[in-house]
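**Q** Chains P and G are the protein sequences, given in the same order. For any residue, its number in the working numbering is found by taking its place in the first sequence, counting from 1, and adding 1310. For any residue, its number in the working numbering is found by taking its place in the second sequence, counting from 1, and adding 1.
No wet-lab data here; the hints were simulated from the structure. Treat the numbers as computed from the prediction; the structure is a model and nothing was measured. Keep in mind that the hints are not guaranteed to be accurate.
Unchecked claim - Calculated lysine to aspartate or glutamate pairs in the EDC-like style (CA-CA distance at most 20 Å, straight line):
#, chain 1, residue 1, chain 2, residue 2
1, P, Lys1381, P, Asp1503
2, P, Lys1385, P, Glu1453
3, P, Lys1385, P, Asp1484
4, G, Lys80, P, Asp1333
5, G, Lys92, G, Glu79
6, P, Lys1499, G, Asp45
7, G, Lys80, P, Glu1453
8, P, Lys1499, G, Asp42
9, P, Lys1457, P, Asp1507
10, G, Lys336, G, Asp371
11, P, Lys1381, P, Glu1452
12, P, Lys1381, P, Asp1324
13, P, Lys1381, P, Glu1453
14, G, Lys329, G, Asp359
15, P, Lys1499, G, Glu332
16, P, Lys1385, P, Glu1481
17, G, Lys361, G, Asp371
18, P, Lys1499, P, Glu1487
19, P, Lys1499, P, Glu1452
20, P, Lys1385, P, Glu1452
21, G, Lys361, G, Asp339
22, P, Lys1385, P, Asp1503
23, P, Lys1499, G, Asp371
24, P, Lys1381, P, Asp1507
25, P, Lys1499, G, Glu21
26, G, Lys361, G, Asp321
27, P, Lys1499, G, Asp341
28, P, Lys1457, P, Glu1487
29, P, Lys1499, G, Asp46
30, P, Lys1385, P, Glu1329
31, G, Lys329, G, Asp339
32, P, Lys1381, P, Glu1329
33, G, Lys80, P, Glu1329
34, G, Lys92, P, Asp1333
35, G, Lys92, P, Glu1329
36, P, Lys1499, P, Glu1453
37, P, Lys1499, G, Glu43
38, P, Lys1385, P, Asp1321
39, G, Lys329, G, Asp341
40, P, Lys1499, G, Asp9
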Amino acid sequence: MWLLAMVIGDDPTDETLMERFLDGDARAMGTLYDRHARSLKAFVAQQGAARPDDVVQDTFLRVIRNGAGFKGQAKFRTWLFTIGRNLCIDASRRDRFRSGPSLDAPTRGDEGPTLGERVSNDSPESDASRQAADGQFRTAFEEAMAKLPTEQREVFAMRELSGLSFAEIAEATDCNENTVKSRMRYALKALRDALQDHI
Amino acid sequence: MVRKPTQDPQTREALEVLAEYERRLAQGPGTLGEAAPAARDEIDDYLRLHQRVAALELPAVAPSVRGVVLGAAFEQVEKQRQESGFARWIKALLRPGPMVVMMAGAAVVLALLVRPDRHATPESPPPEAVAMAEAPPAPQAAAPAEPAAEAPDLPVEAAAAAPAPAAAPAAVTPAPLHTIEAEPASLGPVAADGTNKGLAGQDKPAAGKKEWAAKDDAKAAFGTAPQAAFNELKAEKNVEDYPQGLSDDGFAAPPPARANSAPEGQLAKQASASAEAEQQAALRETLGSGRAARAEATPSRRPAPSSAPAPVQAQAAEPDATAATIAKLREQVGKTSDPDARAALLGKILVLARKSADRKTEQWAQAQLDSGTAKSGAKAKMAAPADEQVPAESPQK
Chain P
1311 MWLLAMVIGD DPTDETLMER FLDGDARAMG TLYDRHARSL KAFVAQQGAA RPDDVVQDTF
1371 LRVIRNGAGF KGQAKFRTWL FTIGRNLCID ASRRDRFRSG PSLDAPTRGD EGPTLGERVS
1431 NDSPESDASR QAADGQFRTA FEEAMAKLPT EQREVFAMRE LSGLSFAEIA EATDCNENTV
1491 KSRMRYALKA LRDALQDHI
Chain G
2 MVRKPTQDPQ TREALEVLAE YERRLAQGPG TLGEAAPAAR DEIDDYLRLH QRVAALELPA
62 VAPSVRGVVL GAAFEQVEKQ RQESGFARWI KALLRPGPMV VMMAGAAVVL ALLVRPDRHA
122 TPESPPPEAV AMAEAPPAPQ AAAPAEPAAE APDLPVEAAA AAPAPAAAPA AVTPAPLHTI
182 EAEPASLGPV AADGTNKGLA GQDKPAAGKK EWAAKDDAKA AFGTAPQAAF NELKAEKNVE
242 DYPQGLSDDG FAAPPPARAN SAPEGQLAKQ ASASAEAEQQ AALRETLGSG RAARAEATPS
302 RRPAPSSAPA PVQAQAAEPD ATAATIAKLR EQVGKTSDPD ARAALLGKIL VLARKSADRK
362 TEQWAQAQLD SGTAKSGAKA KMAAPADEQV PAESPQK
């Protein structure tokens, strides 16, 4: 099937790429990574993970090791985000007992320099340029997202940042779809109130 | 599954607003919605928020992460290739489908191995027949007996277990006895003390039946080895039951019908007569074969295993011919003065006397040999004819 899709030239689906990987095509996993790594990192970063890159890496490593368990009953993206969400929960539990700041963790949001980078290269030009790139909206948005309850935050991140459908979110979070929609509406309402000056 | 509509007004309102928000997102932020004006303003705010969030660039992942992920992917693919064929075969075999097929095959093989007809030995009588033989007669035995022609109908196992009459005469008698015992209703009315009075000559008490059943059990227990001795005992028992004696040809004469044991109805008469005739035939065969076996076993006290039974008339004439030969040899002994020739003649007489079970002549010949008239060399010659083992088929030799 995936050979036919390759001959025709259609963009293969995630499930087809996963099937290719299980048949021995390692490059199919590279394609899957390129498709979903950034959206996954955005979701993971909004979940409060201290090192989102590590979570993204662990998520894809789990996909590779447990690829034989993927039966195609769920969408690959749902499976991927379910793994990422569980890893975020585990990471937040571990970080709860961490007292000091990590040198590898970004100091401001996701894109800010790590504490180690700031100690070694504390130049005001680079900090100013990065702040200019992010803008005030990003800062306000991240602050507003941090204030959201976890359930509403993960629904909003999956929907608006990662582009999952409500059905996929419901499956990934093991919730009713109406519950997911209700959480989404509360998250939208809270963000609108918090970012009233920026929209 | 039909999902019930949400009854909570807040949830219902949230769902309506979100449905309008999604619809306007799909059609474009500039389209007017169908919601109420208050909700329309709210949805417009959501659409503006969505535009600002979508304008944010997604965070990039460090390039090293991609290298790690791709390296792990290549490693996993290589690991799958190196997996042995045996492991793949085991994995394929342990799936539910092959497991069900294997278990079904094992069940079929097990059922064939423990099939009950393989354990049934031909010598052992069927347990149903033994149980019915020991069971008391049925109370409805006063009813007219079944036709005797149905009496020899054996169970399938008993028929298969019964050997041919000519090949093994000892196994002839149990079959009709089993049949009669297995069908007590065919024997006619039964008295209160268990005595069956319906068949002439068969008015034995229930204890007699138990004795026969015990013999059958003993036969089954000891197998085929003591079969000949058992049948001899059975034949003697039959002779004792019919004390009127043997006929001229050596067979038991049919017992006279007694007035007090006569069957009541015509059907019972026919049944008893038929069954009686079959028993008589079985007795004849048993007695004849028993005598033949005894005559063969006499010289060496052990029957020849492959010798077929001789004709009855020839066996009846055998003792006379042997006695004549012995008398002739005794005359020659009296006439002969040579000790070696005398010893040889005495040895022949000894052999013939042993063969014909003539103890008197045997003792005489032995006494003559031991009395010293025979020399020491004659004893060696006496042993030679004893070893010759004259076959039973040629008694004149």
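**Q** None of the hints should be skipped; say for each whether it holds.
**A** So, going through the hints one by one against the coordinates:
A threshold of 20 Å between alpha carbons decides the hint, and for Lys1381 of chain P with Asp1503 of chain P the separation of about 43 Å lies outside it, so the pair is violated. For the given pair, Lys1385 of chain P sits about 32 Å from Glu1453 of chain P by alpha-carbon distance, which is inconsistent with the 20 Å threshold. Restraint check for Lys1385 of chain P and Asp1484 of chain P: satisfied, since their Cα atoms lie roughly 14 Å apart, inside the 20 Å limit. Proposed proximity of Lys80 of chain G and Asp1333 of chain P is supported: the alpha carbons are some 12 Å apart, at most 20 Å.
Between Lys92 of chain G and Glu79 of chain G, the direct Cα distance comes to roughly 18 Å. Compliance with the 20 Å bound is thereby established for this hinted pair. Straight-line distance between C-alpha atoms of Lys1499 of chain P and Asp45 of chain G comes to about 12 Å, which keeps the hinted pair within the 20 Å bound. Between the alpha carbons of Lys80 of chain G and Glu1453 of chain P the distance comes to roughly 45 Å, so the proposed pair goes past 20 Å and is violated. Only pairs whose Cα atoms come within 20 Å are accepted, and Lys1499 of chain P paired with Asp42 of chain G is accepted, the gap being roughly 12 Å.
Note on Lys1457 of chain P and Asp1507 of chain P: the hinted pairing holds, with a Cα-Cα distance of about 17 Å set against a maximum of 20 Å. A threshold of 20 Å between alpha carbons decides the hint, and for Lys336 of chain G with Asp371 of chain G the separation of about 19 Å falls inside it, so the pair holds. Distance check on the hinted pair: Lys1381 of chain P and Glu1452 of chain P sit about 37 Å apart at the alpha-carbon level, beyond 20 Å; violated. Proximity of Lys1381 of chain P to Asp1324 of chain P is assessed by CA-CA distance (about 13 Å); at most 20 Å being required, the pair is judged to hold.
The straight-line distance between the Cα atoms of Lys1381 of chain P and Glu1453 of chain P is roughly 39 Å, outside the 20 Å bound, and the hint therefore fails. Restraint check for Lys329 of chain G and Asp359 of chain G: satisfied, since their Cα atoms lie roughly 15 Å apart, inside the 20 Å limit. Between Lys1499 of chain P and Glu332 of chain G, the direct Cα distance comes to roughly 146 Å. Violation of the 20 Å bound is thereby established for this hinted pair. For the given pair, Lys1385 of chain P sits about 10 Å from Glu1481 of chain P by alpha-carbon distance, which is consistent with the 20 Å threshold.
Using a Cα cut-off of 20 Å, the hinted pair Lys361 of chain G and Asp371 of chain G holds, with the two alpha carbons roughly 15 Å apart. As the CA atoms of Lys1499 of chain P and Glu1487 of chain P are separated by approximately 18 Å, the hinted pair is consistent with the 20 Å bound. For the hint linking Lys1499 of chain P to Glu1452 of chain P, the alpha-carbon distance of about 15 Å falls within 20 Å, and the restraint holds. Of the supplied pair hints, the one linking Lys1385 of chain P and Glu1452 of chain P is violated, its CA atoms being roughly 29 Å apart against a limit of 20 Å.
Restraint check: the Cα-Cα separation between Lys361 of chain G and Asp339 of chain G comes to about 24 Å, which exceeds 20 Å; the hinted pair is violated. For the hint linking Lys1385 of chain P to Asp1503 of chain P, the alpha-carbon distance of about 34 Å lies beyond 20 Å, and the restraint is violated. About 139 Å separates the Cα atoms of Lys1499 of chain P and Asp371 of chain G, which puts this hinted pair outside 20 Å; it is violated. For the suggested pair Lys1381 of chain P and Asp1507 of chain P, the alpha carbons sit about 47 Å apart, so the restraint of at most 20 Å is broken.
Taking the CA atoms of Lys1499 of chain P and Glu21 of chain G, the gap is near 14 Å; set against the 20 Å cutoff, the hint holds. Proposed proximity of Lys361 of chain G and Asp321 of chain G is supported: the alpha carbons are some 16 Å apart, at most 20 Å. Restraint check for Lys1499 of chain P and Asp341 of chain G: not satisfied, since their Cα atoms lie roughly 143 Å apart, outside the 20 Å limit. Of the supplied pair hints, the one linking Lys1457 of chain P and Glu1487 of chain P is violated, its CA atoms being roughly 23 Å apart against a limit of 20 Å.
Distance restraint check for Lys1499 of chain P and Asp46 of chain G: the Cα-Cα separation of roughly 9 Å lies within the 20 Å cut-off, and the hinted pair is therefore satisfied. For the proposed pair Lys1385 of chain P and Glu1329 of chain P, the alpha carbon gap of about 12 Å is at most 20 Å, so the pair holds. Between Lys329 of chain G and Asp339 of chain G the CA atoms are separated by roughly 17 Å; this keeps the pair inside 20 Å, and the hint holds. Between the alpha carbons of Lys1381 of chain P and Glu1329 of chain P the distance comes to roughly 10 Å, so the proposed pair stays at or under 20 Å and holds.
A distance of roughly 17 Å separates the Cα atoms of Lys80 of chain G and Glu1329 of chain P; the hinted pair therefore holds under the 20 Å criterion. For a cut-off of 20 Å, the pair hint linking Lys92 of chain G to Asp1333 of chain P stands: about 16 Å separates their Cα positions. Taken as a hint, the Lys92 of chain G and Glu1329 of chain P pair is honoured in the structure, with Cα atoms around 19 Å apart against an allowance of 20 Å. In summary, the hint linking Lys1499 of chain P to Glu1453 of chain P is supported, as the alpha carbons are separated by about 15 Å, within the 20 Å threshold.
For a cut-off of 20 Å, the pair hint linking Lys1499 of chain P to Glu43 of chain G stands: about 8 Å separates their Cα positions. The hinted pair formed by Lys1385 of chain P and Asp1321 of chain P meets the criterion: a straight-line CA distance of about 16 Å does not exceed 20 Å. Between Lys329 of chain G and Asp341 of chain G, the direct Cα distance comes to roughly 18 Å. Compliance with the 20 Å bound is thereby established for this hinted pair. Distance check on the hinted pair: Lys1499 of chain P and Asp9 of chain G sit about 18 Å apart at the alpha-carbon level, within 20 Å; holds.
Consistency with the previously given hints fails for numbers 1, 2, 7, 11, 13, 15, 20, 21, 22, 23, 24, 27 and 28, ordered from lowest to highest.
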